[in-house]
Structure formats: structure tokens, C-alpha cells
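Chemist: Single-letter residue listing:
Number of protein chains: 4
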Amino acid sequence: MSANGEPSLTASVVGGSGFTGGELLRLLYQHPEFEVTQATSRSYANKTVGHQHPNLRGMDLRFSSPEDLDSVDVLFAATPHGVSMEHIDEFQDAAGTVVDLSADFRLDTEEQYDEWYDGHDRPELLEQSEYALPELNRENLEGADLIASGGCNATATIMGLLPLFEEGILSGDEQIVVDVKVGSSEGGAGGGEASSHPERSGVVRPYAPTGHRHEAEIQQFLGADVSFTVHAVEMIRGASATCHVFPDGPVSKGDLWGAYREQYEDEPFVELVAGGGGVYRYPEPKAVAGTNKAEVGFELDPANKRLVVFSAIDNMMKGSAGQAVHAANVALGLDETAGLDFAGLHPVGSP
Amino acid sequence: MSANGEPSLTASVVGGSGFTGGELLRLLYQHPEFEVTQATSRSYANKTVGHQHPNLRGMDLRFSSPEDLDSVDVLFAATPHGVSMEHIDEFQDAAGTVVDLSADFRLDTEEQYDEWYDGHDRPELLEQSEYALPELNRENLEGADLIASGGCNATATIMGLLPLFEEGILSGDEQIVVDVKVGSSEGGAGGGEASSHPERSGVVRPYAPTGHRHEAEIQQFLGADVSFTVHAVEMIRGASATCHVFPDGPVSKGDLWGAYREQYEDEPFVELVAGGGGVYRYPEPKAVAGTNKAEVGFELDPANKRLVVFSAIDNMMKGSAGQAVHAANVALGLDETAGLDFAGLHPVGSP
Amino acid sequence: MSANGEPSLTASVVGGSGFTGGELLRLLYQHPEFEVTQATSRSYANKTVGHQHPNLRGMDLRFSSPEDLDSVDVLFAATPHGVSMEHIDEFQDAAGTVVDLSADFRLDTEEQYDEWYDGHDRPELLEQSEYALPELNRENLEGADLIASGGCNATATIMGLLPLFEEGILSGDEQIVVDVKVGSSEGGAGGGEASSHPERSGVVRPYAPTGHRHEAEIQQFLGADVSFTVHAVEMIRGASATCHVFPDGPVSKGDLWGAYREQYEDEPFVELVAGGGGVYRYPEPKAVAGTNKAEVGFELDPANKRLVVFSAIDNMMKGSAGQAVHAANVALGLDETAGLDFAGLHPVGSP
Amino acid sequence: MSANGEPSLTASVVGGSGFTGGELLRLLYQHPEFEVTQATSRSYANKTVGHQHPNLRGMDLRFSSPEDLDSVDVLFAATPHGVSMEHIDEFQDAAGTVVDLSADFRLDTEEQYDEWYDGHDRPELLEQSEYALPELNRENLEGADLIASGGCNATATIMGLLPLFEEGILSGDEQIVVDVKVGSSEGGAGGGEASSHPERSGVVRPYAPTGHRHEAEIQQFLGADVSFTVHAVEMIRGASATCHVFPDGPVSKGDLWGAYREQYEDEPFVELVAGGGGVYRYPEPKAVAGTNKAEVGFELDPANKRLVVFSAIDNMMKGSAGQAVHAANVALGLDETAGLDFAGLHPVGSP
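Protein chains in written order, with numbering that gives the first Met the number 0: chain A, 0 to 350; chain B, 0 to 350; chain C, 0 to 350; chain D, 0 to 350.
Careful: at least some of the hints might be erroneous.
30 Å max Cα-Cα, derived BS3-like pairs, lysine-lysine [what the hints assert, rightly or not]:
(1) C:46 to D:252
(2) A:252 to B:46
(3) C:304 to B:304
(4) A:46 to B:252
(5) A:304 to A:252
(6) D:252 to D:304
(7) B:304 to B:252
(8) C:252 to C:304
(9) D:46 to A:304
(10) C:252 to D:46
No lab work stands behind these hints: they were computed from the structure.
Between the sequences and the hints, there should be enough to build the whole structure, so can you do that?
Modeler: Printed below as a string of C-alpha cells:
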């Protein structure tokens, strides 16, 4: 099922009824190179995709059972933690390229899964899989056949801090505090009492005060410990990371602009937003809602010898489905931005 | 300035710093057939368009003064009421096709402007201009050189009620109550105390209890009086019209499905949503946020011999900028849906 | 458990863990004449009331099982529809005065329950019970021993329309359309997918397009049919009724002020808000959030021979718990406003 | 003007039309010991207080010009920074006790005002004034005649960190990062483009990335530097401080409970909320909206040798008007909690 003329590749989505699955379907449906041939859902088999995702009412596709997977060029798995590692053989039988949006193949070693999750069923595959944060490691993604799309909060954090490490402004021994604010879509489509509208609305709620699992991804890729705290705020989409760091030596605004431009100047999905005029002077999730963009910015605090780095993404896009499609574009040799060019809306509310 | 390869037509936006102007710029920038050569703003001349519209930071264009208009194929005017009628000659000198998004050319006669507005400076042009609600009158728009894009609340209402008139279920003598709920972007980018965030948030506020000017458009096109009331609710984008009507004779669900399918079955921007399963069972603004779609649905109330018709649009899109681009597509012989294929987001908040 | 010095009466709340139960506990805890001796909850027995209701952390009371009811002066039942009619004998054994907040004893006849609900187990008690909307019928409440507190949407509607009937501006034969907008707390503390934060946020959702059960209460008390439609909007607390009516004869603003002043001038919980200056010119739910007040106002639409009446309440207060305490105050001969004097907040958000 | 029987003291509010002024009026109106005799407003002189504050429509008081101040027992000044220092003589002539809610008398020395503000007109009074954060220094407030009510973000921060200093867990040499999230009422009743509803809704916006003036208050009272960053989030009322601290030695949960209980066990306006069950497990602004309470809690992060302390207040109450009334209660020898016993609401939205 494609909204476009003549796509060149077939794609399927396992776990298509959840929020991330729906976002994948939307992106693939309007992608110039993909034709969606299958979307699976155990609970909604035989319902149209529009039954779950009102924005996809125009898409003529019904969910099918995950038991019977079509052969496709690329399979996207948008399933809860643990499902992909259990079904990875079926996924790889069905598709030459598998993009997993869960955490199942993000970490490098079984030991990390023992520490941060409940172990791993298929540790021998961890070496094969490629973590996907294309701005970080697109060279590894070309031709990759098992891709682990980076986590939302980790992506926001890594995007913010990476240039400081790359340019030697941070070495990894400094104190790094990351205070993240996220929207309710991070909790997925289920949800009990805490995510009911009356209880969840308007919160500033410490939902992962310490010990959030994305710390493991961040450590792995930055090679540094971060003190990580996540708050739920009033927003549906969006993750905003504020990184408070204390470099050893003096750092100027010019140093920072240099470091961030060096890293991101040519990146199609990164905007540097640091001061300037107007209403939107630093990164904000609502400015990137619905897009695959990351906004990154910073401010100096000389009195406290501190840098504050701000990073904002749409957790459903750059934090999951958009990043996965971006990675698939790279893996399959397509234009990186194919299907990901939506500019976002202004004005827009709690996105 | 175009995000695409080789656009065939040039376009400009007069009044580009406002909300509607920004939405036009976004649509035209990503439109396959238009290149934006100019966006004017008196207040922000020489600032980048991204200064006002953070979603357009990637667009390499600065506002220019409205004094000096480029020659273009199509000029869109997104200016407050009264500006277009004053500058219409300049607009028509600059462009073969002028699409006005204000109310200045929507009504047919000077008398209507005397009654509902403060008269009209150029009444001789009213006959020349074509009201644009393409689902209603696309045949008039082909080749039109002065187009008055339909108003947001009028569009939502007319889209909901039109099939009942076309199919003879309503004659125009019946009692028609239209209760509209709108978002804060209808108030535009200015805003005083009443539209400040602390005062405007969370309201259900009767902002036009009676006498809203869009009544005139509705009367003109439906040929019937409507009792019209507009409430501001917590939403940025969106207009939702609930039409309570009392047909003279009995009406069945089958009659209604017949009437609405007849009218809208082949329309690319209309979705019929009336009952069924899932969470989204009737039209809702958030299901169409960011898109040019109208959702239309209905329910029977036999006990009260009433029909309730629901209609939902994004006031910035189907209610203004999207409708204007749709009309321009028709006027210039382009694919009707060109540049307007964004499917919308799920989930999405107060859009 | 009382926050005050020496209360004179004991009270209990059956169903204390739900939203309405929590609101009752808050009101009774700070009420000068009541001591709360028991709050029941099957699911949360032995948990503190503050476990469910964070605003009541200071209250030293634990939920007990509903099996074993204390003897009290007044028992408030905040249980789902059907529970009170099943347990009414136990309730009446435990307390001389029973105030039921469900719909179980609101209607007069078994036939009405057959039509609007699933029949009634104890129809012989319907005659004994008194519907409580004190502004309507406080004289019946004095000394009443079984009180059925009026429903939220019905209360908003009746408060708006009553003066028109009392003063003969409406006779009951006219077309009456009532378009109600409500917050998510009306759905109670449970909630599935439709009331999860990502799906419920920012909606204008027709949730009871036709056939809402509160129509029965309104018909019963106004003696007129109303065409009733309820929308869910972005709000936690609040119900706003917009009543569109078409009187037979001419009506002036003076007539309306006369009718509404006559009815409400001396009412401690009613504010007339109709035009005037400032930001808050008509009734708004957020202006009464947390209070037992109803705001009522109106506007004339001479062109359509229409009156529009606006009415706004907090559905948790004037629409349930506050109204129940108000009724108990009257029944027990206390000061009507005792425990209900909170003025509300400004500014306040989606309340 | 008092809602109560026989108040013993007279009070006035200078700057009564702003948000903080309105909150003071509400509190004083329902306070058992105060009669409000005057509320001033230059812009709204002769309008009723209900014109600006819809919750105060029942209060029979009109704004008067600030030129002519009544003699009262206590005058509250809710004016912008700089006004109180200019008019302090008039204030002190009018009232034996002046409570200033601005920053004009919070800091100890002229040097601090030179560094953080634009100097000070009346530095000789700085020694006379008492900073009011009653949990910190109530002993200084008894009988004080010039009181500087603590700032909202400073109050949230100090409330969170104070026990760590008092108990020696922090010495002041450690790295302290404070990441604050605040609602839009902090910006006051004015507001330009950035605080218009469409632009301000749904934000996570770094509005004071570094250099916020409340750092000065915090430094002064904790005797330690803090790295302070403030974000605007979707909320009207509320300030939430997340303090990330790195003690030199090991700290256990027991140590923390000990420190916080020692400090706050007997405080009527402080709730310790740290883990436990239910939905509300850490401090949250919406749980204290409308109240004078501060919620304080903490969590250990042994992997990073970090403590995270959470603190939540209503910026309009414990962060300004409530704190001011609390301080006046202490200064005048009244019951500390008089007029401040509202428990808050559940559920409640973006408060």
C-alpha cells in the first residue's frame, strides 16, 4: 500500500497498531520508495489500519496476524521489549533488512542486558546488529541487515552532547547531569491509571528519577557516565534533554559554535538554535513536532563554569519511527531524507 | 525558494509573518509546482522567515517590504480584513492569479458588506471574485484570476450541511443551530490579555455568542439562515462544527449515508466518519490537524426528530492556507492535491 | 476525621476512592459540621485516602471495606450506577440521611428507568427519594432522608433554562438545542484507551451525540424535550451547557435580566455573567473550577429569533460532590454554604 | 471587605489587578482575621475586583488609585520590581507591617542588587527587611515590620535543598544543578507574543537558561552556588525544582528520611513524598495547585553518587501570595495556617 507512484521496495511493520507502528505506517505510506505490504497486530487483526490510526483512514490496508510474515525488502519491528529477540529468526527469514525499534539489539554485550534489562535470549546477534543514530554512525548502517534504532531519550541526549566529546570539550570524567522532559506518547498506547487523562494532564512528574535504561545507551556511545533523570510533562510528542556539564577548562561561545557546526553543519535533520531573536530561541519539542529534526543549542554559565546544552526531538519521529526510516534509507542506499521532509507546523500546541 | 526540484510556477505571500502567512509559506515551499519568490512583512522586513516560523528555519528567504511586489504567477494575500480591498490593484498588477485569504472578496454584494462588515471599497470587483470552497464550486475556480478563499468556520459548517441541501433533506426553512468550537490560532498572531496563555488556557469560552460574520458566507452559499455560535476551546488549530437540524420528514441512516457519499465519495480531502468502532468514531479536529482534510459525520436523534452533523477541519489548513492552495491548484490546472498530501499525526495533542 | 474543631455530625462516604468520592472527602474533611468516620473502597481497603487522592495526604483515614458500614448521621454514596439501588437497605440502616450521587434515585418512575436505563430494582423507593438541585427544590430537601443528587450535565442545563420556564419565556413546545462540553473527570477514575492521555488530550469529541441519559432528568424537571449533545473537550473539570432556544414571542435583554435575577438574585451559588467588560464576559467552566458555583448568562440573537443561554459548572462540585453536600446542608438544617465557600482560582488552566 | 464574620485586622493590596494581587485578595477575603479595605490598581481604578478576577465577583470592592493609601494594619505590595523601593515610605506610612512580594527587599546588600538587578534606591532599608520563607526563618518574622516574601523559584529550590545543608549532607562546595520547570503565571498578567496562547502552549522552553535572578536569593540563604536553569512548561500555576547534587560521602535513604523529617516533620505546609505507591509518588505541582503546600521528596542514584531532590509548589501560593500571608500571620501573631487551609483538588489538570 503506497500513496505514491512506483515504489521500488517492499516493507512491512510488525506491531502496527501501537503508536510507533502507526507512525512507521504513515511514513512508509508516503515514502517514495516503499510499498507497505503488511502491518501486523495480534489484537486488531482484520481491522483496517485506520481503525487504530485515524490519520491513516485513507490507507487501504488491514492488520494481519503476526504469525504469517510476508517476504519483504525491509521489516520494521515496533514491538515491546523482548519480542524482537524472541522472533528475530522469523523476522530475518522474512526480510533482508530488519530494523528493530525496541531496545533488544541496541547494546553491545550480554552483560549490559544483564545489568540494565533481564538478560538477552540471543546474545550472539548483538555483534551483528548496528545501533542507528545516523548522525553518529551512518557509515556502519550502509548495507546493515540488522539495525537497532536508537532510543528516544538517548537520542536527544547523545545529539546534544556528542559534539562536546568529539571536539574534546568533554573527556568523560566530568560531572554530567541530564534532565529530560518527555510527552505521554513515550508510554505507548496502553496505559493504566497513571496515564489516564485526568491523572496525566498538566503534570511535571518525575517518572524515572534515576536508573532509566537509556543511560546504558548513552554510556555506550559517549563513553561517559551521565546522571539521568526523566520527567513526564504536558505534551504528547516530544523529548527535550537539558544537559548540564562542567568542562575542565574555559570554553567560549565561539568554541561551542565551532564544535556544533563542525558536527552538524551538513546534517539534514539537525538545526542549531542558540539564542538569537524571536520567540523560539532555544531548542523546543513543539518546533520539531511531527518532523525528523533535532534542534540543538547551548548557553554558557560562566559564573558556575557550566555549559547548558539543550536538545529537542519528537520522540515518535527522530526518537523512533523517523530515525528507523532514516536508518533504512541509509542501509538501502536511498536518499537519506526520503519520506522524512515534513517541515512541522507553526503554531502548534502540545504536540 | 523551493524545497523541490523544478517548480513550474512562481508564488508570493503578502502578509507572511502571520500564522496564515506562515502556513502558506510552508505549503508552497514543499509544493512540487511552486517556487516562493517573495514573502512580505512590514514588521519583520529583512528577518528570515524562520525568525517568525521556527518550522521554516530551513527556508532561505527573508521578508521584504510589501511596498514592492514581485511579478509572480500567483499571489496569496494573508492580510487582515480590509487590506486586500485597498491593495487589490497592486496585487493584480503583480500576479495573474490572486488568492485572497481574508473576507474581503467572499460575499457577493456591497449590501452584504454594509450589513456584516464596514462596507466595501471596491464593490465592482465582487462579481469578478470566486469564493473558494472547491468541494462546492471547483468548476468556477478553473482559470479564475481573483479567488476568495472560504472562511474557517464557514467552511466547517458548509461542509457539514451541504449534502443535506443538495439531497433535499433540508430546504432552508428549518431551524438550524450551528455550535462551533475553535482553537486559538483563529485569533491570529497578535493577541492581548484574553489570548494570553494564562487567561486563554483551558477555556470553554463563548467568544462569538451571536452575530459572527461567517454567518453571512454560510447564508450566501447554503441559501438558509443558521443560528450560529462560536466557542473558544483549548486547542491551537481546529474548528469543529456541530449542526443540529430538524428535517421536516423522516430521515434514515441510509438516506444520510446516501447523501454524504453522493457528495463526498470522490473528494480527496473529505473523510466520512460516522460511528463505527475504535476511539475516533466521529469527526474530530485533532484527527485532521496539519492536514487539508475535512472529516464529516452525523447521528440520528429520532426522539427529537433531529439530525446532528459533525464536521472537523484544521482552521489553518482546510480553513485557510490549505484551502487557498487547493483553490490555486484548481485555478492553475495543477493536480488538486499537489502539496497537500500530509496525512496528519497519531497520536497528537491539542494540535 | 475532621480538619476542624468540633463537628456536630458524623458522615461516611461509600465509594471513596473514585473522583467523586475523593471530592466528597475533601469537602467533608474541611466542613465545619461534619466529621468523616468512614470511607469505603473495595479495591483500596486499608490504604490511606491520600494514596488515591494526593490532596488528602494530611487526612488521617484509611479506606475500609464496604461490607461493614458505620452508623453515621449522613452517608454519601459515590458508587457507579446500580450499586445504590442494590445496597440501599444497608445504606439506610447505617444512616438517617442517605445522599446518593448516582442516577439510581433521580427519576420518578420505573418506566423512566426502563426507557433510559436497565430498569430499577427498588421502584417503590422512587417516590420517597428527593432529587437535589437545591436552587430548584430546596423546600423538598429539608428533612429528606433519601436524596438523589442531580447529574452534572443535567444540572448545568437546568440551571441555564429554568428561569425561562419559570418566567414563561418558554412553554416547553419550542425547539431547544443543548450543546454541552465536558471535561475528562466525567468519565471517572477508570478509563481505557479512549481516555488515555495521548488519545484524550486536545479533543473536541462528540462523546454522546444523541441519547445521553441526562436528557431524562432534564425532561422530568423542565417538562420539556431537549435535543441534547455532549462533547468531550480538553479540560479535566467542568461542564458547560450552551442552550439555543427559540421563544415564540419577542424577548428583550431586560426581560432576560428580569427572569434570571428573579430566579437567582439571592442564590449563594449562582453568578449571572452576561456581557460586560474584561476577559470573562460569559459563563466559563474555568472561572468556577473547584467551586460550587454555577455561572449563568445569555445573549440575544434577534436575526434568528434565538436566545443563547450559557451555563458553566465544575462537574465534580456543583455537578456532583458539591451539590450533594449542599443538599445535605439543607436536609440537616445547616447553613447552606457550610463547607462550600472556596472562591476558585485566577488564573487557572484547564482546571 | 471580608467574607467572614469579625476580622480583627485591616489589610490592603497595592497592585491588586495582577495575578499575585488577585491571589492576595482571594486569600485575605476568606481569611478569618483580615478585612480588606483597599485594593489599588492604576489601570483599573473604579472597576470591581471581579472585573479582573472572575473568582472574586462576589467581593464587593473596587480598585482605587494607588495615590491615596488607606491606613491599615498590614499592606501587601504586589507590584513589579522597582516599585516598592520607590514607594516604600508611603507604604510604611500607611501600614505598621508591610509585606513586599517583589524582589526589592529580598537581598541583604546593595552590592547584590548591583550585581543581579539595577542597583537599589534605598539600600539603608535592606538591613531592616526580613526575607520570608517561614520554614527557614519564622523566628525573624515575628513582629517584623518590613517583610520581603521569598521568590517562587528560590522557594522551591531552598525548600528542597535546605535539609541537606542543615544536616551536613552538603557543605556548599559540591556541584549543585537545579533544573526548574514553571508555569505561565510566573510571567504575570501582561504578556506579549511569546506568552500568547498559540506560542506558549505545550512548550518545554528554556526561558532562563542561565543567570536567573533567583540564584542570588538561593546563594544568600543556602550559602552555596547553584547552577540554575528554568524551563517554561505547559502549566499555568506551579514551580517544580529538580536538584541534582553530589555529596562527598555515602548517603543512605535512612539518612535522607532523617534529614527531611527533622526539618519538616512539624511544618504545616510541607509534605514529604518520596516513592511509595499510587500515581503520585514524588512531588508534583498539580498536587499542590491552589494550596500553600510544598511537596518535597528525593531519590538516590548510587551509580552516579547522586541525590535527586524534587520540590513542587504553586508559584502563586507558596511561591508568592500564600507565602506572604503566611509571613503576615507569623509577623502579627496569628495562627500560621489561618486563611491557608485549602487542601487542593484531585483530579485537576494543568493547574
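Chemist: Run every hint past the structure and note whether it holds.
Modeler: For each hint, the structure was consulted:
1. C:46 to D:252: Answer holds: residue 46 (chain C) to residue 252 (chain D) is near 23 Å, not above 30 Å.
2. A:252 to B:46: It holds: about 23 Å lies between the C-alpha atoms, which stays within 30 Å.
3. C:304 to B:304: OK: residue 304 (chain C) and residue 304 (chain B) at ~21 Å, within 30 Å.
4. A:46 to B:252: holds, 23 Å
5. A:304 to A:252: holds, 13 Å
6. D:252 to D:304: OK: residue 252 (chain D) and residue 304 (chain D) at ~13 Å, within 30 Å.
7. B:304 to B:252: holds, 13 Å
8. C:252 to C:304: Given pair residue 252 (chain C), residue 304 (chain C) holds - Cα atoms ~13 Å apart, limit 30 Å.
9. D:46 to A:304: violated, 50 Å
10. C:252 to D:46: Given that 30 Å is the threshold and the Cα spacing comes to 23 Å, the pair holds.
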